[in-house]
Structures are given as structure tokens and as C-alpha cells.
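A.B. asks: Quick note on this note's numbering: the first sequence kicks off at 1 and runs consecutively.
Any given hint could turn out to be false.
[To be verified] Computed cross-link-like contacts, DSS-like style, restricted to lysine-lysine with a CA-CA straight-line distance of at most 30 Å:
#, residue 1, residue 2
1, K24, K274
2, K460, K283
3, K131, K245
4, K131, K244
5, K796, K749
6, K2, K12
7, K245, K145
8, K33, K245
9, K24, K630
10, K24, K150
11, K131, K163
12, K150, K528
13, K33, K150
Honestly, the hints are just simulated from the structure, not real lab data.
Just so we're clear, the structure is a prediction, and the values are computed from it rather than from any experiment.
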Amino acid sequence: MKTYDFNRIDRKWQKHWAENQTFKAENNSEKPKYYVLDMFPYPSGAGLHVGHPLGYIASDIYARYKRHQGYNVLHPMGYDSFGLPAEQYAILTGQHPAITTEQNIKRYREQMDKIGFSFDWSREVRTSDPKYYKWTQWIFLQLFKSWYNKDTDKAEPITELIKIFETQGNAGINAASDADTPTFSASEWLAMTPQQKDTILHKYRLTYLAEAEVNWCPALGTVLANDEVVNGVSERGGHPVERKKMRQWMMRITAYAERLLNDLDTLDWTDSLKEMQRNWIGKSVGARITFKVAGSDKTFDVFTTRADTLYGVTFMVMAPEHELVDEITTPEQLEKVKAYQAQAARKTERERMTEVKEKTGVFTGGYAEHPLTGENIPIWISDYVLAGYGTGAIMAVPSGDQRDYEFARQFDIPIINIFEGNDISEKANEDKDAVLTNSGFLNGLPAKEAIPRMIAELEKRGAGKAEINYRLRDAVFSRQRYWGEPVPVYFKNGVATAIPEKHLPLELPEVEKYLPTEDGQPPLGNAKNWAWDETAEQVVSVDLIDNEKVFPIELNTMPGWAGSSWYFNRYMDPHNDTEPFSQEAINYWQKVDLYLGGSEHATGHLLYSRFWQKFLYDIEKVPAPEYSVKLINQGMILGYSAFAYRINGTNKFVSFGLKDEYETTPIHVDVNMVDDYDYLDIDQFKAWRPDFADAEFILEDGKYKVGREVEKMSKSKYNVVNPDDIIAQYGADTLRMYEMFLGPIEIAKPWNTAGLKGVHNFLRKFWSLFHNDGMFDVSLEQPTEQELRILHKTIKKVTEDIENFSFNTAVSQFMIAVNELGKIKTNKQQILSPLVVLLAPFAPHLAEELWEEMGHDESIAFEPYPKYEARYLKENTKTYPIMVNGKMRHKIDLPTNMDKETIEKTVLADEKVQSILADKQLKKVIVVPGKIVNLVV
RNA sequence: GCCUCGGUGGCGGAAUUGGUAGACGCGCUGGAUUCAAAAUCCAGUUCUGGCAACAGAGUGUGGGUUCGAUUCCCACCCGAGGUACCA
Numbered sequence: 001m002k003t004y005d006f007n008r009i010d011r012k013w014q015k016h017w018a019e020n021q022t023f024k025a026e027n028n029s030e031k032p033k034y035y036v037l038d039m040f041p042y043p044s045g046a047g048l049h050v051g052h053p054l055g056y057i058a059s060d061i062y063a064r065y066k067r068h069q070g071y072n073v074l075h076p077m078g079y080d081s082f083g084l085p086a087e088q089y090a091i092l093t094g095q096h097p098a099i100t101t102e103q104n105i106k107r108y109r110e111q112m113d114k115i116g117f118s119f120d121w122s123r124e125v126r127t128s129d130p131k132y133y134k135w136t137q138w139i140f141l142q143l144f145k146s147w148y149n150k151d152t153d154k155a156e157p158i159t160e161l162i163k164i165f166e167t168q169g170n171a172g173i174n175a176a177s178d179a180d181t182p183t184f185s186a187s188e189w190l191a192m193t194p195q196q197k198d199t200i201l202h203k204y205r206l207t208y209l210a211e212a213e214v215n216w217c218p219a220l221g222t223v224l225a226n227d228e229v230v231n232g233v234s235e236r237g238g239h240p241v242e243r244k245k246m247r248q249w250m251m252r253i254t255a256y257a258e259r260l261l262n263d264l265d266t267l268d269w270t271d272s273l274k275e276m277q278r279n280w281i282g283k284s285v286g287a288r289i290t291f292k293v294a295g296s297d298k299t300f301d302v303f304t305t306r307a308d309t310l311y312g313v314t315f316m317v318m319a320p321e322h323e324l325v326d327e328i329t330t331p332e333q334l335e336k337v338k339a340y341q342a343q344a345a346r347k348t349e350r351e352r353m354t355e356v357k358e359k360t361g362v363f364t365g366g367y368a369e370h371p372l373t374g375e376n377i378p379i380w381i382s383d384y385v386l387a388g389y390g391t392g393a394i395m396a397v398p399s400g401d402q403r404d405y406e407f408a409r410q411f412d413i414p415i416i417n418i419f420e421g422n423d424i425s426e427k428a429n430e431d432k433d434a435v436l437t438n439s440g441f442l443n444g445l446p447a448k449e450a451i452p453r454m455i456a457e458l459e460k461r462g463a464g465k466a467e468i469n470y471r472l473r474d475a476v477f478s479r480q481r482y483w484g485e486p487v488p489v490y491f492k493n494g495v496a497t498a499i500p501e502k503h504l505p506l507e508l509p510e511v512e513k514y515l516p517t518e519d520g521q522p523p524l525g526n527a528k529n530w531a532w533d534e535t536a537e538q539v540v541s542v543d544l545i546d547n548e549k550v551f552p553i554e555l556n557t558m559p560g561w562a563g564s565s566w567y568f569n570r571y572m573d574p575h576n577d578t579e580p581f582s583q584e585a586i587n588y589w590q591k592v593d594l595y596l597g598g599s600e601h602a603t604g605h606l607l608y609s610r611f612w613q614k615f616l617y618d619i620e621k622v623p624a625p626e627y628s629v630k631l632i633n634q635g636m637i638l639g640y641s642a643f644a645y646r647i648n649g650t651n652k653f654v655s656f657g658l659k660d661e662y663e664t665t666p667i668h669v670d671v672n673m674v675d676d677y678d679y680l681d682i683d684q685f686k687a688w689r690p691d692f693a694d695a696e697f698i699l700e701d702g703k704y705k706v707g708r709e710v711e712k713m714s715k716s717k718y719n720v721v722n723p724d725d726i727i728a729q730y731g732a733d734t735l736r737m738y739e740m741f742l743g744p745i746e747i748a749k750p751w752n753t754a755g756l757k758g759v760h761n762f763l764r765k766f767w768s769l770f771h772n773d774g775m776f777d778v779s780l781e782q783p784t785e786q787e788l789r790i791l792h793k794t795i796k797k798v799t800e801d802i803e804n805f806s807f808n809t810a811v812s813q814f815m816i817a818v819n820e821l822g823k824i825k826t827n828k829q830q831i832l833s834p835l836v837v838l839l840a841p842f843a844p845h846l847a848e849e850l851w852e853e854m855g856h857d858e859s860i861a862f863e864p865y866p867k868y869e870a871r872y873l874k875e876n877t878k879t880y881p882i883m884v885n886g887k888m889r890h891k892i893d894l895p896t897n898m899d900k901e902t903i904e905k906t907v908l909a910d911e912k913v914q915s916i917l918a919d920k921q922l923k924k925v926i927v928v929p930g931k932i933v934n935l936v937v
């Protein structure tokens, strides 16, 4: 007798789809297009766990659903295959990262294939493939060759900028450029050496070299971007990070800050995700105010959002690294200032963060002149002012800013109270509605009115202007690593020069060691062939470097986010060898229609890729300034860790319920040794690790119960569940449906196998509807009204649920349908056939099998999606709850098309209603048609 | 501290222009089947009281609007995520 043989069905149809290339998408079609994208994975050595495919399953359901609806669906997958783990493995073992990566990808592919995804594998991309990174390098060079014109609000060729320099100098240019860009005339430009010109151009390029304060991680031997540093330690590995000045490649993402911020309004993303990006960009509107150094013609600027508080300034604070500090420090203060600067430089990010409580600082001995009153104001240095934000200096208003207040109290600096009715003995007043006093022409005004007046006054005096600042910094683009895209640039006597585009890709050279060189150069410093011969136009040995024809190539590689910042466009035309993607392909697919991925990429990938898309839009390579309007964040599936409790100092373990009677230490045990009722398999546990072999146990009810805790799924916590195991036991369709059934896709939830059986039962029951004693048995009889109602209700609800990405409730709808149909033992083709199509996105293997059994030759994958018919949904009557004073007393069935007055009359005429109302005074009747009748007594 | 989201049975979670709270699944209880068990099927399952009919309470807490609030408003408590000396 045949049963629901899911293993056979899975294998059969996965083979069928692969052999027939069922899901291969064409770049042109009569059908409307739809592009469903997943964030591609880094192929790690650990393989996939049940948490990884959650988003892939959801997107696969939607992609399959769209195919049924008649769309030409692009649903690709690839690998973000440059990355640190493969490199670290290479350092340990000497194995080339490409080999490790290849193995890992193979494993990932096998695991993904077992789940039955409808990816178009002919479009697979890998960021570490030279054919792919050729174009990552190409985009890098386009950025290198561009500057940002704030007047046209877009990127433009640097050659145009050079023309302006040659004819007019740079005075009239409104560009996104470094703060320290000098002003020069056309003749001054023409007189510059190539090196000087190069230095200037880097202040304008969208990728540029700069001496920048970076997050240096000594343990990893590389710099990190801001989003790769979490709580002062590296995101990967948790190593300490320090601030260090280094010459680095940078990406001028700040040029796009305003557009990145504004266009968030056009995106259909979750509020929290948009908010994260808004905070990260951190726009603040304020003013730049210029202060003169007393007794000198030097000036310096501060940035403030509260220009109106200028009369309350009693001291200035500069960041310890501020360039003017050395000049203004008096000989008497020199020693203290130097000591403070040295101390500040030594501090790691983490130390700075933990020492926030107390303000520290040193007086420089120098004074600034107040731009309005002319009074002398002492200049201090302190690390509470950051070199990297605003101008690296502030005007301190202790009565209006809590940090300044604390600093003033700490060092006994006077406080001028500039707010009416404010008590400055305890804290500063940060209330924006407070009215100013002691503030000359601003007295009596709140901040809202005072700020523009102050800015106007400052502009009149040439001492300030309105300005907008962003928290967002330019992104560091250099990594001192081997396993990344080489930067296609060589250094011609110090001038960074692009390798001609026709010679891309600049392929990663072989090295003997993946570690930095002995003199501290990045790993590429170990490469023998890593010099550029300008005349031969090829890569040659470093021994030939003569700095006349042969020059050294850049040793840094690109960061992990480079390759992932444009891959979604490459899928449209993945094998193109003459351009990143053809205009034909991008004009057909346009952009991603649905993007699924984790919110952990909010301030990394999702920001950088928007930036690159906008740049590609500016240079007219892509048709849309945003590539992903609709984004869904799938929540993580967490591990359900299990603990055994070892009694301290012994090899004895006590069961969870009794552990409080002892001093114990919890120890992670492998969740695969624990059953659904939290009981530990003691024999397996003893065999697990040698030191547990002779462990003793204190049991409760003859069993050992473990403790449970929800944690991130990770190998070290022994809470990893492999999808392969679930599939072997229950089949791919059960895994798919169960992961959806677990709860809404966007929330984090622990993996718990408890409900698996329920979903598996559903699939078995569904299969049973088509089979009688294991034999296929479907009748061609006409369905009854009741059966049609069940069918059409299910079509309606499932469709709505898919459209709302509410896949957990969609699965519930299927279960309801199969229960209802099971009760009346339906086996009618006219009911079951549409249900199979409905189920196909969720459980494609079973659906294909049943579809074939029903006598179809073609795959179900493109079968038209069934539509519901309203006539089967309409109920002719509606049960109205009859409420008395808001409490339900009775129910009456009434026709749905009855009007308000008739309902009222009918209800009042009802016998039961009259008996309820018999001795009560009726005050009013509230009728909500289609919903309720409320009698108020 | 600030920003965002959330808080519903023993558990995962349903329920939106405000209208019978707890769909569906798990678990649990009882029954059928079985020598027995597993599996399967049927019934029940928010809590309290009651054999029951039924009564009362109930969506984090307190208040408000409303005939009627899980849903809207105010205040607070708790949790998750993000962010932080950003001037």
C-alpha cells in the first residue's frame, strides 16, 4: 500500500526541476516581470542551519505564487564569497581561500537544493569570481573618476572638473569635497605638479585617498568601517578597536547623505528600519560660527544647533586632535596639553565609551574672541568633543547644554544663565521653548524664533552662516586583507592612477602567506607579481619596479560590502563580459520588486548599496535611484539551547527541577540529544565527550530534565539544528510549511520542533484526500455548494494572506480546509485541483506529485492561480448578535441585504427579544448593518 | 537617556474603517481502535465557581472617549532592537 512517501517525491521533483531548468527566467517576455530577491549568503564552513532558509522559503513562496499569477519571475541566488573566515582558515592551514570557498558553496548548494527552491541557478553570481569583481572594480573606477556637483545634485566626470579648474580655478565650484580643500585660481592650478594636482583631486573624487582617522583593529590587522564596530569592539571576533590615522581609500557617501535621507520616504520598508538609517545619517540643522583667536589673526569654526545661545558661551572646547591646539597653547600649559593629547590618543574606543561619566579636559591658555561682545573666552581641550564631527570644536553654553554644564562644574568655569526662570544650580536647561534672557537683541524669544535672527545677525557680520551637518561619515574602503577585490590602481610616483578599464579584472595575485608582511604591509605585499607595466599594460613582477615605466600596485583590497552593493543588478545579466549589465536587461527588469533580508544590514549593506545605486543612476547606468522599494525583514530563528547542571567541583549532574538545591554550573548540551519533553538522552550524553563518560546523574521521576534558554543559533552553543535532518525525517515540504507556520516572518522566534508534527499531519491528510487505501482515487463528480464554499473561502483567504506576507495564517487556512474537507471525505477533482495549485508555492514537491497523478504532463509551476468566486462566499443570512446594554442576550439570523429600519423592526418583533425587554424601558436601538444590534435600556 | 517596535490561554500565535477575544497548531484531558504500545481517528480544553444549565472575571497597569475598546486617546510598567558625550 502506498503512503505519502515524501523522500521519494522530494528527490523526484528536485531532479525534474533541475533537468528541465523549470525556473530559468528569460530577459524578455510577453508576461509582466517580477523580481524577487534574497540577500545572498556568505558561504561559511558551518553550512546552513534551520534559521538561514526562513527568508529564502518566504521569498520562494512569493516567487512561485507570482509565477502562478502569470509573471515572468526573476528569482536568483548567489554567494557573497569574499570574507574573513576563509582568509583566517587560509592563515592557519595555508589552504587557498578560493578552495575553502568553493567547498562551502558546494555544501550550501546541496542544502538549498534539498529544500526545493525555485532559484534560477543559471544566473548564480559569486563576488569572488574575477568575472564578477571585474565589474566591482569597474564601478570603483567610475567613482574614482567622478566628483559630486551640489548644484546639479549628482555625480559628474572628474575630467569636467579639471576643465573648470583650468579655466576658473575652484572658487565658484559647489562640490562635496574635503573640509581642508584650499582655494586656487586657474593659473595656480596650471602651475601645480602632477602630485599636487592629484592631492587636490582626491579632495573631490567619490573614492579618494585620505589621511583619515580610522578604526584600527590590531588583532585582525585591518581597519573597519563604523558599522563593523559594535560597542567599541570588532563585530567579528569582538577584538578591541583603536583610533588611528592612516592613509586610506574612502567612499564619499556623505555627498549622498541628503538624497539617502529624503528617498527613504519613497521606500516601503518597516518604520524601524527607516528610522535606523535616519539616525545613522543623523542630519542636524544648525549654524557654523567663526571665532577669532584672541591676539592672533587665526580663526576657527564651531558647529551648533543652538546659535541663539551664543550669549551664554563661557568657554570653548576643541577636540584634543584639533589642528589649532598646538598654536594656541601657551608655554605654561604646554606640558599638560601634550599629556592630555597623548592620553586621549592611547584610549581605545571601548575605554572612551566606558569613561563617559566624568568629564576630563585641559585649559590651553588660549582665548577666543566672542563675535558679538568681543569678550575673551578661554579655550579648553576635551575628548567629549569629537574630532570627526562638525568642525571638531564647540562653543560651550553651560546653562543650555548638559555636557557643557557638567564640564563647567568640573572645572569651576562661570555659567551665564540665559534662560528666563531657569535654575542653573542643578542642571542645564535644554527645553527648546524656554525664553532667552541676558541675550541682547534676543531677549524674550524662544529658540524657534531666536535661531534665525541670530544666524541673520552673524551673516551680516560675516561671522557665521546656516549649516547642516550629518553624523554619517565617509566610509573607509581599504582593508588590509588578502581575500577581497584588489583595488585597480597603481601609484605613479605617488599619483594614484587607474588601471585602464580594458585590462580589468585586475586579478588577485597568488601569495605564499596570507598574513601581513614583516614590515607591516597588507598581505598583497607578499605577492611577487604585483606591479604595473605602463607600456606593456600588464601586471609584472615587483622586481621590475623602476618608477618610470613600472609602478607598484595598491596593496589594500576592498571591504566585504563592495561586492554586495550592486549584485542585484548583475543577476539581470550575469554573464555579460563587456559591461556590468546591459541596458536592455536593466531596462527590462528595472529593479527589485521584493527584497527579503535581515535588519542587521540596516546601516551596512542596505545603506552602501543605496549609495551605489544612486551613483549608478547619476551616471545613467540604472533607471531608478532606489533598487529595492519593497523590503521585508525576516526575523532570525533563534536556538533553543539546552543546559545540564553540573554540581560544582564534581562530575555529577542534577536535573533541572532539583538544581536549586545545589551549587551548579550550567553546561550547554547538544540539543539533538534532548527530546521534545526536555529529557536528556543520558547514554548519548556520556558518549558525547570523554569527560562526561563516567558522569553521574541526579534524576527526577527517573529522568534527566534539561534547562532551556533562547539564544542565537551557533555551533558553540550546541543549539544548531540542521535542515537536512528535518528534511530526512519529515520532507522538504514539511520544513517549508513549518518554518512559515512558526510565526510572522518579520519577528525573531526560537526554533522548536514541537509543532512539526501538526504541519506534517496536514500534508499527510492532504495527500489522503486524493488516495483511498493508498490508491489514487479522485472523482469527477460535480461538487456540492458546501464543497465550493470551502474551496472559495480558502482561495480568498490564502491569497490575501500571501499578499500580506502573512504566511503563518495562510498555512492555518490550509489546515482548516483539509479538516473541513476531511470531515465530508471529499475527493472531487473540481475541488482538489485548485487546492493543489494553491498549495504549490508552499509545498511544491507534493503539489507536483499530485498534479501528475491527476494526469497532467506539464509542471504545476506555471499553472494559473485559481480565482475565487464571490457567489460562493456570500452568506445569504448574517447572524446578528442582539446586545442589551452591550451584553449579548440573543442571536437572530437576518438577510444580509436588509436595511437599518427593517432590521430594527424585525428585532423588536422577535418573541425572545420582547420577553427580554418585558419589564424594561427601551431607550434606544443601535443598528450597525451587517454587524450588530444593541438595545439600550 | 533618546528613537522604533511590541506586551493576548500552559506554549507558538489569530482577530483593524471599534462589533460574539482566543482562529490554526502544539500540549493536556477523555473516548474509539489495539493483547498492549506507537500511529491514527473523535470529543473537550482562557480562568474561577458549578454535575450541569449557567454566573463572574479576562488581551501588561491605571484612567479616558464610546451603547460597545485587544483595537482610539492620556499616563505609567515591562520586554526586544537600534543608538549614544553628534554640539
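A.B. asks: Now tell me if each hint is right for this structure.
C.D. replies: Here is how each hint holds up against the structure:
no.	hint	verdict
1	K24 with K274	violated, 34 Å
2	K460 with K283	holds, 26 Å
3	K131 with K245	violated, 34 Å
4	K131 with K244	violated, 35 Å
5	K796 with K749	holds, 28 Å
6	K2 with K12	holds, 16 Å
7	K245 with K145	holds, 25 Å
8	K33 with K245	violated, 49 Å
9	K24 with K630	holds, 23 Å
10	K24 with K150	violated, 43 Å
11	K131 with K163	violated, 34 Å
12	K150 with K528	violated, 43 Å
13	K33 with K150	violated, 35 Å
Taken one by one, the earlier hints fail for this structure at numbers 1, 3, 4, 8, 10, 11, 12, 13, listed in ascending order.
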